[in-house]
Structures are given as C-alpha cells and as structure tokens.
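Engineer: One-letter residues, chain by chain:
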Amino acid sequence: MSKKTTVKPAAKKAPKNAPVAKAKAPAKAATKSAAKTSKKATPKKFDFGGLSEELLLSMHDLMVKSRVLEERVIKIYKAGEGYFWIGGPGEEAFGVPLGLLARKGKGLEYDWFHLHYRCTPTMVALGMPMIEAVRLMMNRATDPSTGGRNFAGHYCFPQWNVAPVTSPIEVQYPIACGTAHAQKRAGHKSISIVTGGDAGTAEGEFATCLVWSSRKGQELPVLITVQNNGFGISTPYEGQHGETYIADRAKAFNIRSRVIDGTNPVETYIALQEEMDYIRKTGKPSFLEVKTTRLYGHSSADGANRKTDLFDPVYKFQEKLIAAGILTEKAAQKIWEIYEEEGIKAQEQARGEAGPAAETVWDHVFVNNENADWRKF
Amino acid sequence: MASVAQAIRMALHYGEKHMGVKDIFGQDVGAPLGGVFTATQGLKTAWNTPLDERGIISMAMGIAMTGDKCVAEIQFADYIFNTIDLLKIAGNTLWCTNGQVQLPMVVMTPVGAGIFGSVYHSHSFDAWASRLPGWKIVMPSNPLDAYGLMLAAIEDPNPVLYLKSKALMRHKGDELIPGEPEDEKTLKSMIDKPVQNSQGWKAKWPELEKYIVPIGKGKITHEGEHITVVTYSRMVHLCDEVAKKLADEGISVEVIDLRSIYPYDWQMIKSSIEKTGRVLFVNEDTEVTNFGEHLAYRTTQECFYSLMARPRVLAGKNLPGIGLHPNLEKNSVPQHHDIETAIREIVAEVP
Chain G
9 MSKKTTVKPA
19 AKKAPKNAPV
29 AKAKAPAKAA
39 TKSAAKTSKK
49 ATPKKFDFGG
59 LSEELLLSMH
69 DLMVKSRVLE
79 ERVIKIYKAG
89 EGYFWIGGPG
99 EEAFGVPLGL
109 LARKGKGLEY
119 DWFHLHYRCT
129 PTMVALGMPM
139 IEAVRLMMNR
149 ATDPSTGGRN
159 FAGHYCFPQW
169 NVAPVTSPIE
179 VQYPIACGTA
189 HAQKRAGHKS
199 ISIVTGGDAG
209 TAEGEFATCL
219 VWSSRKGQEL
229 PVLITVQNNG
239 FGISTPYEGQ
249 HGETYIADRA
259 KAFNIRSRVI
269 DGTNPVETYI
279 ALQEEMDYIR
289 KTGKPSFLEV
299 KTTRLYGHSS
309 ADGANRKTDL
319 FDPVYKFQEK
329 LIAAGILTEK
339 AAQKIWEIYE
349 EEGIKAQEQA
359 RGEAGPAAET
369 VWDHVFVNNE
379 NADWRKF
Chain X
745 MASVAQAIRM
755 ALHYGEKHMG
765 VKDIFGQDVG
775 APLGGVFTAT
785 QGLKTAWNTP
795 LDERGIISMA
805 MGIAMTGDKC
815 VAEIQFADYI
825 FNTIDLLKIA
835 GNTLWCTNGQ
845 VQLPMVVMTP
855 VGAGIFGSVY
865 HSHSFDAWAS
875 RLPGWKIVMP
885 SNPLDAYGLM
895 LAAIEDPNPV
905 LYLKSKALMR
915 HKGDELIPGE
925 PEDEKTLKSM
935 IDKPVQNSQG
945 WKAKWPELEK
955 YIVPIGKGKI
965 THEGEHITVV
975 TYSRMVHLCD
985 EVAKKLADEG
995 ISVEVIDLRS
1005 IYPYDWQMIK
1015 SSIEKTGRVL
1025 FVNEDTEVTN
1035 FGEHLAYRTT
1045 QECFYSLMAR
1055 PRVLAGKNLP
1065 GIGLHPNLEK
1075 NSVPQHHDIE
1085 TAIREIVAEV
1095 P
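Residue numbers (our numbering), protein chains in the order written: chain G, 9 to 385; chain X, 745 to 1095.
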C-alpha cells in the first residue's frame, strides 16, 4: 500500500538488486552472533525492494530488540516497579528504518529528531542500549533522558540531536520547524524529523507545522510523519477525522505527501529514503502518513494488554525472512532469547541503582543550577 | 534621550552585532513595519512570521534547542495566553531533561494598560509569568533599563520573558544609553525609519556599548524612611510621582523598582521594609493571585516583627477585562490617587 497524494511524482523506487545505502548495524547486534543468513538467492515471491540481506537482517534484529524491550518495560510496570507505561509496540517496522536512515550526530550538520512517546524502535535503531529505556521506566537517577523525572518513552539524547519528548502531544511539530530553520541557515543538508500520532493532528500545533514549513520561498527541511494506528486513546479514527487520509491535508500546503504501510519495514525503508533524499535535495518538507498497529493499547491507562487480533509487523517480517530463506527459525529464536536476557539483566541492574535524591528537585531549574528557590534569594 | 522603543531597538542591534542573535521575529517585526511599536525597525535579522503565536514560541524553542540565539515577539501580551502550554514546556525543558537541553531564548511582549487599548490590548502578564518556573521575567521601567535588561536577557542561557509596558514605549528617560548620541534629533535621524519615503532606508547605528542590568537586581528610585513601595514597569512612574508629592507633606516614601519579577531582589525589599516598617506592593495585574501577594506573604514570614502596619497589595481589579472608556480603564488599574490613598492609610496606621 503506497498511496501518493500529491501531483508531484515521488523519486523512483529503488530497483531490485540495486545497491542500498548501508545502514549502520546496531552495536553488538544479536544478529551477528545468532542469525545465519542463507546463501540461497531470495525467491521472487518475496519482494524485499532490493534491500540487502544484511540490511533486512539488521532491521529484523532491531525490530525484535525493540519489541522485547517494550514488553520488558510493560512487565516492569505490571510488576509495580514503574508508575506508568506508554510506548509503541506495533510501530517497529516504521521506527527502525527511520532510525537507521537518519544521519545521527550532534549539531546542525546532523538530523534532528522530534519524537513522540511511541518511538522506542527509532531509539533502538539509533543505538540506545536497552538499559537506558529501563532506567527511564524505573525512574533511576541514572536515566540519561530525564534523571528519573519523567515517563517511559520520554527520551532525550542531545548527543544524537534527539529533542526531549513531551507529554503534550503535537507540540513537537512546530518545534521541528525551529531546528529546521537553523539547519537550513547553516547550509547543511541535514533535516528535522518529526513524528506524532493521528489523533494529535487535531491539535493546532500540527497545522502550525504545515503552515511554517511550507511558506513560499521559505520552505523548511522537515520530514513530517504521522503514525496512524487508528485510535486516539480509546476513540477510533472515524470518531475524530473527516478526511480520508491525513496526508491529504499536506496537499493544501503544497507539501509532497503520501500514505505508506508502516507495518512493512521494506516499504517504509524505501519510502523514508526517498523522502529524506527529496528533502535534502530541495530543502522542502515532505509528509508521510504511516499506517501502523497498536499492539498493547495506548498506555498503561488502558491496560497495556496484548491485542492478539492485530497484525504483528515483527512476527510477520520474521516469517517472511524465514520463508525466503534469509533467516532460520533457530536463529530467529536465538535473537529473541538474547534480547530477553539483556532485558532481564537491564531490569536487575536498574533495580540496584538509586533513584534521584529528594533534594535534587531544585537542580536544573536554571542553567548551571543557579538558585531557583525564592526562599534563598 | 532615547525612548523605550528606541532603547529596545538599539539593544537588539547590539545583540545581533555582538552577542550572536541570529533571529528577531514575530508578527510585523521585520520590514516594512519594524514592529507595531517600532521597536524592531532597521534590524538586520528581523523577519515577519505568520499570525500564529504558538508557532512563534515553538519556532523560538526549536532555534534555541540548536544553540542559536533568538528574540521572538508576541505582538501584544493579550495574545500570549494561547501559548501558555508552550511557555510551560519551554520553562520545564531544562529540568525535565535533567539539565541536558538549554533554551537560550528571549520572548518579548508589550503588556499592561495605559493606552486605552480595551479588553484585548490592556492585559498584564506578570502574575501569570511568575507561575512559569524555569523562566526569568524582567519588566523595565525606563530606556536605560530596557537596554540593559535586554542585553542581560540575550546573554542569559535560560528562557527570559521580557515584558515591556505599552504605555512606556514612547517614554524617555533621563540617562543616556552608553554610546547613544546626546541629541535626540540626531538619534532619531539615525535609527528611526522615516514616516514617508522610507524605501531603501537603513539605520545608522551609533557605536553602542555593552551595558547589563543584572536580572534579579532592583533599584531604589526614590529614597524614603516612612514606607516602602515595591513596584515595577509603568507603575514605577506613578509611585515616584506620588512619593514626590507626599514628600512635601513630610511623608517619606521609598520606591523600589523591582525590574525583575523572577528572580526578584528580596534583599533590597527586606532591608527597606526593616528600615521603614511599612510596605505597599503596587502593580496592575489582577489582584486575585497576584505576584504582589507572594511578596506580601513573604513579608509576613520574614519581616513580621519589623512591621508597623499590615502589608498591602494594590493591583488591578479582578475583572474579566479593561473597558475602553477612560472611566473604565482608570477604575480598573491603579491610578495616582489610589496609590496616594493606600500610602496615606498605611502610614497613618498605628500598631
């Protein structure tokens, strides 16, 4: 499923067997130690879009890692070792390619990420170790994102230009225009990437992003994405939207847009690569509506229980790789086991780490811990 | 002498020339208008935005996140209310990220009554702003402070709200900004855009010097012995005028121009109250849950045994708006006679 909604043609799809930009393999990926690639040629009935086996296996590995991590974090919540879970199991097939394709680094020459709280797959693909998500979930002082101050999924990694995730939805959209403005001024081919949910597109900030990124002659290099999982907490898509495709809204602003199947990592990888290339080349925004699933509900507020009737992109991709002879069942099983073990160890390690000390509430109100307590003025 | 609007303009010029300001933006901030109060005329980095306050604040946040310095303007504080969520996020970003992400941004906006601006051009914002932890908030009362506080705001690595009184935009002080030509007409010919035939006009900036008014430091504008009046922005001038009038009657009023709402100069307030034993807090934001109430509370906690009279807060009436007709506006925010009456009552009170 790839529905173009603009009059402008998209860049050509990568031809089969064409070389694909090398994605960085995850550090210590389980693939390296467990997966065995088939030397047989990929049967034609499986369309992997010309992506290399190495890349396919890397994506699978990271998708599994992300899923296992999310399930570990849910277990931590259900065990009473965390207060609130929110995340994105079901979005691995979009989030992992996004993390792999972006230019990771710190500063204006690298891409900026304005993520929402369902973006663990992207963080995993960027190279975030499991322990960091677990520390965030368990509110440890060692949590690199918030120091134990905020919810699961509220990542912040300035070393990779990952802007802090906010609880108010959609505010990240226009903030992305700010980083894109600075990137464009600096003259780099870097882009700002923003993600969000379908329900949140009702917020004014979403429209703000469309307006500010598309002004004639002042277009901004923003990859605007919406992960449409069909629900806003408990309200179905139909109860919130009149438009058929959210991507159609971008058309009104002359922003190139399309709808893609976000449960298919191959389709998302190719589409993301095309759109990122377009943005880097033109300095103009692009819009992707990504159809995803929501396998564990919105958050712990609605139970965080597995929705067994929904399409599972991780298992389906794995089945495809096995059927194509790229991955063996045994190797796949080993990957799940390795990450399960890593998750358990991360939980045990985080359990032994201290929470933030009470007196640190006054830290970082102002830069350099300048006195913020009026009692001490 | 420069007006407050000219002082802000010169500070922004100094900021973009010497302090790394790369963007000055907001509605009508760039050419051709240069701001509805002319405070951004002729600036190199000034540009116009869509009519979208939330966009302006979030744009500033994004720019600041990259480390670039910017000054954003909300055309009237009356329209900043729909950005409260973003202001809250900007204020909590450093804290939420455990010190990782700084937002070195300045948001300036004209506030308050005094120009007969009716319901939506007379709002105050100081009390609201004081409830935005993580922000520093400044409110200059004269051109030199307007200049010095803007440079301090630009230099500060934290988000700073710069609340400028609408009624003071044309106010001229009695102190020169360092580098400002002494002759007003000379300054005007250099930096004011001509009303007619302005096409191609460029400002000729004087050689300005760095002058910082530290955020959090107040100033005694009128020394006195019998009562302390703590105020800021436009109300400084009303309080000073009342203090001068009452001095003729032997009532000695000490007026403190707070200059910063947060952090605020408590040591200056405290030592003055300990000297006078009496205090009045004056501002024009609405009286219920007013910033002056916080100061009055702190006064009772720390200066209780120095007090000779109950502390008072004189503020704007707790009304939904400020009516256009002068009779309505003047009965909504403190006037000379209100301040005078309050001072007389407090001074007359016997413990």
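If you're looking for bench data, these hints aren't it; they were derived computationally from the structure.
Any given hint could turn out to be false.
No more than 27 Å apart at the CA atoms, straight line, and that leaves these computed lysine-lysine pairs for DSSO-like [as the list claims (entries may be wrong)]: (1) G:384 to X:1014; (2) X:929 to X:961; (3) X:1014 to G:114; (4) G:112 to X:766; (5) X:832 to G:114; (6) X:916 to G:224; (7) G:86 to G:315; (8) X:788 to G:197; (9) X:937 to G:384; (10) X:788 to G:292; (11) X:1019 to X:788; (12) G:384 to X:961; (13) X:916 to G:384; (14) G:197 to X:946; (15) X:761 to G:192.
Covered by chain X, according to a simulated footprint, are these stretches of chain G (three or more residues, beta-carbon under 8 Å) [stated by the list, open to error]: (16) 100-106; (17) 212-224.
Some chain X residues close to chain G (C-beta under 7 Å, calculated; not the full set) [claimed, not checked]: (18) 789; (19) 792; (20) 794; (21) 795; (22) 803; (23) 810; (24) 825; (25) 828; (26) 829; (27) 838; (28) 875; (29) 899; (30) 923; (31) 968; (32) 970.
Fair warning: this is a prediction, and the values are worked out from it, not measured in the lab.
For each residue, glycine too, the CB sits at the ideal point set by N, CA and C.
Engineer: Of all the hints given earlier, name the ones this structure violates by number, lowest first.
Structural biologist: The structure conflicts with hints 2, 3, 6, 9, 11, 13, 14, 16, 18, 19, 21, 24, 25, 28, 29, 30, 31, 32, although it agrees with all the remaining ones.
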